[in-house]
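Participant: Sequence:
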Amino acid sequence: MTATITGYDRASVLDLAMICGGTIECLIGFCALNSLSPTGTVIHGQPYMADVTENVDHRVLSRFSDDRVRPATEASPEDIARCPYGGIGEMGIEIDFEIV
Numbered sequence: 002m003t004a005t006i007t008g009y010d011r012a013s014v015l016d017l018a019m020i021c022g023g024t025i026e027c028l029i030g031f032c033a034l035n036s037l038s039p040t041g042t043v044i045h046g047q048p049y050m051a052d053v054t055e056n057v058d059h060r061v062l063s064r065f066s067d068d069r070v071r072p073a074t075e076a077s078p079e080d081i082a083r084c085p086y087g088g089i090g091e092m093g094i095e096i097d098f099e100i101v
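Take 2 as the starting number for the sequence shown in the numbering used here and just add one per residue.
Treat the hints with caution; some may be incorrect.
Now the in silico label distances, taken between C-beta atoms and shown as ranges [unchecked claim]:
id	residue 1	residue 2	range
1	MET2	ALA82	38 to 44 Å
2	ILE29	ARG83	27 to 33 Å
3	ARG60	TYR9	21 to 27 Å
Just so you know, these hints were derived from the structure itself, not from any lab.
By construction, the Cβ of each residue, glycine as well, lies at the ideal position given by its N, Cα and C atoms.
Let's have the full structure, built from the sequences with the hints guiding it.
Facilitator: Here it is in structure tokens:
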């Protein structure tokens, strides 16, 4: 059985897969059904299909429903702006760390 979930602000592909099935194992099926990469971008307002019969954990889904949980783990533009240099290979002495 398939269901539809709509992309929302700061949602990642994993967030949508977790809401649909309650397990990380749902991610691969969700990506295949929607032709997405696990690290792809979710478009706000776009509907996505989900197979709600595969790898479902009803306990997690009921917690999401009861507590009205909507995970949003995608980095916002503000979060990205706080890390302007981009990682280990881009670190600068006296910018990202100090030598004492």
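Participant: Each of the hints needs a verdict: does it hold here or not?
Facilitator: Checked hints:
no., hint, verdict
1, MET2 x ALA82: 38 to 44 Å, "42 Å, holds"
2, ILE29 x ARG83: 27 to 33 Å, "31 Å, holds"
3, ARG60 x TYR9: 21 to 27 Å, "23 Å, holds"
Consistency with the previously given hints is maintained throughout, with no hint failing.
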